[in-house]
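Q: Protein chains in written order, with the working numbering: chain H, 93 to 736; chain P, 93 to 736.
Accuracy of the hints is not assured; some may be wrong.
Since copy identity is lost for identical chains, a pair holds within one copy or between any two.
Straight-line alpha carbon distances no greater than 25 Å define the calculated SDA-like cross-link-like pairs of lysine to any residue that follow [said to hold, decoys possible]:
id : residue 1 : residue 2
1  : Lys-100   : Leu-627
2  : Lys-264   : Asp-436
3  : Lys-408   : Glu-702
4  : Lys-663   : Asp-466
Since the hints were derived computationally from the structure, they do not count as laboratory data.
Protein chains: 2
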Amino acid sequence: MTKRITFKPYDLTVEVPDGENLLRAAVQAGVHINASCGGEGVCGKCRILLESGELESTRSGLLSDEEWDLGYRQACQSWILSDLVVRIPPESLLDRKTLTRRRGGIGLKPSPIDLAAMKSEGLYNPAFQKRFVQLPPASLEDNACDLTRLENGLERQHGLENLAHDFFMLRKLSRVIRQENFQVTATLDFAQRRSRNPRVVNLEPGDTRERHYALAVDIGTTTVWVQLLDLARGVILGNGADYNAQMSYGDDVITRIVFSQKELGLQKLQRSVVATINQVMHRLLKKHKLDPSEISHLTVAANTTMTHLFYSIDPKFIRLTPYTPAACHLPPVRARDLGLELPDHVFIYCVSSVSSYVGGDIVAGVLASGIYKDPKLTLYIDIGTNGEIVIGNQHWLACAACSAGPAFEGGGIKFGMRATAGAVEEVSINPQTLEPMILTIDMVKPKGICGSGLINLMAALMEAGVIAPNGKFRDDLNTPRIRQGDSGWEYVLAPAPDTQSGEDIVLSEADIDNLMRAKGAMFAGYLTLLENVGLRLQDLEQVILAGAFGQFINIDNAIAIGLLPDLDREKYLFVGNGSLQGATLLAFSRDLLEEERRVADMMTSFELSETPGYMNQYIAALFLPHTQMEYFPSVTERLRAGRE
Amino acid sequence: MTKRITFKPYDLTVEVPDGENLLRAAVQAGVHINASCGGEGVCGKCRILLESGELESTRSGLLSDEEWDLGYRQACQSWILSDLVVRIPPESLLDRKTLTRRRGGIGLKPSPIDLAAMKSEGLYNPAFQKRFVQLPPASLEDNACDLTRLENGLERQHGLENLAHDFFMLRKLSRVIRQENFQVTATLDFAQRRSRNPRVVNLEPGDTRERHYALAVDIGTTTVWVQLLDLARGVILGNGADYNAQMSYGDDVITRIVFSQKELGLQKLQRSVVATINQVMHRLLKKHKLDPSEISHLTVAANTTMTHLFYSIDPKFIRLTPYTPAACHLPPVRARDLGLELPDHVFIYCVSSVSSYVGGDIVAGVLASGIYKDPKLTLYIDIGTNGEIVIGNQHWLACAACSAGPAFEGGGIKFGMRATAGAVEEVSINPQTLEPMILTIDMVKPKGICGSGLINLMAALMEAGVIAPNGKFRDDLNTPRIRQGDSGWEYVLAPAPDTQSGEDIVLSEADIDNLMRAKGAMFAGYLTLLENVGLRLQDLEQVILAGAFGQFINIDNAIAIGLLPDLDREKYLFVGNGSLQGATLLAFSRDLLEEERRVADMMTSFELSETPGYMNQYIAALFLPHTQMEYFPSVTERLRAGRE
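Full structure from sequences and hints, please.
A: Rendered as structure tokens:
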């Protein structure tokens, strides 16, 4: 159910879901309402006048009885119950120009795995499958061993020959086979058929074909995701996530590698991430009332360092020139051997990496997004702690890691923070007053600024003319919001009384510098990879954004600051957590599980720092949006419109 | 160096090794000298007169000065230093008849594995092999992962493609590869090539091709043998043995299976045998100054129950009708997963079993003796706690377990004991006086009678006419040696003063009954298997004896009592510990490792108790040597000669 909201005096109407917050609806409509407490309701600036319809509003002491009776409400404290007409009062009134900018990006919904399509194309074919067999009971005339009995049954009833067997299955074979009078369900591993025979990994009494589950895991440097899969039905049952417990040993891969070199360091890191997976997994299984014994296997995707640490493989040389991982391809490993609290029969299959800095998470994303079999020239971007990019199509794939650093995760930015409660995510700036409207995650008092918020803030400041193309604050603006701080010029986004910490939240020139370097590294990466294959930005037919970051990014703003190429917005797609999706696909498709190494091998890795031309491209990109404005026609247009 | 000994008054000359004990030399020559203390020197009965040559003799108070000066010596206290002439004094003088019987069997030397022949026939080809590679060092131009570097090196320098990798190797890959400047030696597993690709299991810095070892293990119900193999040279370096620590939970497989059903029973049994293997292995490695990390793999042969217990697989149904093992064929298992103190990369390969009572030890013996590829019709016999037999040739193999029980290991026999110090092993009976000459292991006072001793005693009593063909004592003999004991008639082999325990050592009719049942079960087994394939005893071209028991058995005596078929003695071969030899061969030959399951599958197992005709054969065999004397022409001849 949606409701129609008309904002006066603009006569701008938008449809929003029933029960939506009114300030959030304004943000989505591109309507500026002053707001500096992030939506907690304490600054009292976001007042609107309800002209018709019904709102459920919380009343604070910031509105007098008279105002309340007149219909004044705090937008951030109001939830929409019906179609409405609301008027922005003069103190928040803004000229039309800010209305020209509508949100892009937020509208991008992650594309889930299209299981129906997979099934209709015959791609739904899990490597692990169950087979029910009714065996003839043992007798004195036929007292072959239980294993031979099982083998004969699987051969006669399912045409399966030359089977291999997981040893631990044999330990329960005799008991299980007799439990339901020689009726059993065998779980078979058909993976890696080029290098080995199908393998019986588990055996259950009776017919359990309807209960067959797997887990897909994405081990991020920051967050670990676990997805529960129903292999019998080809359905994702749910997922869970938690911070990677390795976080307490360092925020990024480099500090983790450094820590791994200390005594017991590798062991501690390995145990931490395994503890996280165990915890999330148990929670998920409990929620779905499943027993770990019903899991047939586990697929994992992670960046190269996370993969090494998870498997307890020393990552030392990832960090040292010439940056070689120990192994980009890992054989199946018994889950228990890594400390996962799963039964003996569960093996882990891991997505291959390409190089030290283009890992299995990216290969998984390439698998999930299907670039490797797409005729369209595609740019795949995953911005996390680092920024990885892939360019190519069904015939070739080039990839690189850009040392974007963690700026877009809030790292190296004074008030940068992760996208949690209190992080400023939405920002607009009144071009006259230079006053901001901010919205925080969970609409509580601001605590800092998250990655997407930084992009939105940069774009807004740039568009309002507060920062110049070189990233410096204009010195001719007369506003208390811009001031000389401890470390140079800064813009005050939220004054102390409105913030959680009680100190001003600012964005400094040093912060802007860091963000410029990060976005410059990414953009120089796109151009360098394209140049190396003789192509240009305009040749790109598709841009796929991956990672949690991609979900919240405002495409227009990201283009405005020069982080993303200025292409038709229709070319942009959001794949969601490509790494997790790729891991899930491996569990759903034996062909993909067998093909993943081929795809990884197909991806030519470029060490950008060693690639001629990259440094020049990087320096040219240290500008807003870029020294070469011809790369950004729509931004040029937007800035011109802003100045008119 | 051998010496020639002439025994007067027989003028019988034999050659014996320098330093041999004189009583033992007499036994080997078939010369009877009274002796009832087993060789310890306390009964003083084995006096001889030295006529020429030199003996080193210990003098006890049992010889007077005069006797000593005349040249009287105690045979058991004398060791041969030169060629000799000795005279048996009248009190020990015996008529010629006992001389007609020469020892058979003892002369059978175990046939060791003929490694030279294996090598010349191209059969020496271990499944685990080392390859040295010199890899190009990593550089910025070539910074592929270490695993790819290794794979490329093995492909370019050794033509090895599509390799699999053991996960644990990857954990040390980066370190090892850099230790000797990218020179490494990889250990490859070429086993099971029909079902999977070669696998890199270990990696060592530098060139270690010269140091490559494996272990072969025979897990007997009583004894565990471990053999250390040098795979680089194709040499057996040595072996060690110890009692299977499971002995404290029961002597035979049935009591162990019963124990395994108790709480933690299976676990205790598994840990016991693993503890024994660890202990023997460490001792052996230490002796040869080897580190466990230099072992590439381990091969095991054992009977079906021992295999189940070693792998911690419930053996419950082996004991219950219809006697089904859980698995006759086991996949390779990581040694560490079973508790063996060996590094991660070591896998165990186990010889397949045929059925609950024809196990991998017998299959290993078939492999070691080569019956499965021999055109000669062969009978293979392994008498241990049970008796297993195989009949066949290169085209077919039939096998069965005979419930011979542990009689030949001393079980169920009042004074039966294992072949340790004090066990009577050699016996002859003076047909006139019915006085015995006995020799014990280590020549100490007798404590009991071991298996080969029982056979010799039975044959001697039978030949001396003390026991009748129905296994009963003759009641017309006037000698204090035969008397009515607590449980019926018995023969006193050693009187109390001459024994360790101070009680008489006897053989009773009940004991004889047990031995008759045991030998009858074996003989009925040969006939039943032969009958089932339409063949007769005379068709046998070869008889192979396996097991420690086979080494000490006196073939003539075993034939005399009807335990072995009465064939040309030249047809008898002794293979030694066939189980251990088979395990060793698997480590030496990839072809055998791959063929062992085929050989096991080729062996048709007969459940004798379910096979028509077996019971009749069994009852017919409860006679000395047999109710049908035509099966035993040479025994008939010998008995007739004895009576003349």
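Q: Take the hints in turn and mark each one as holding or not.
A: Against the structure, the hints:
Within a single copy, Lys-100 and Leu-627 get their C-alpha atoms no closer than 47 Å, and across copies no closer than 109 Å, so neither meets the 25 Å cut-off. Both within a single protomer and between protomers do Lys-264 and Asp-436 lie at most 25 Å apart by alpha-carbon distance, with minima of 11 Å and 24 Å respectively. For a Cα distance limit of 25 Å, the shortest separation of Lys-408 from Glu-702 inside one copy, 21 Å, qualifies, whereas the shortest one across copies, 65 Å, does not. With identical chains, the CA atoms of Lys-663 and Asp-466 are at most 25 Å apart within one copy only, with a shortest distance of 14 Å there and 74 Å across copies.
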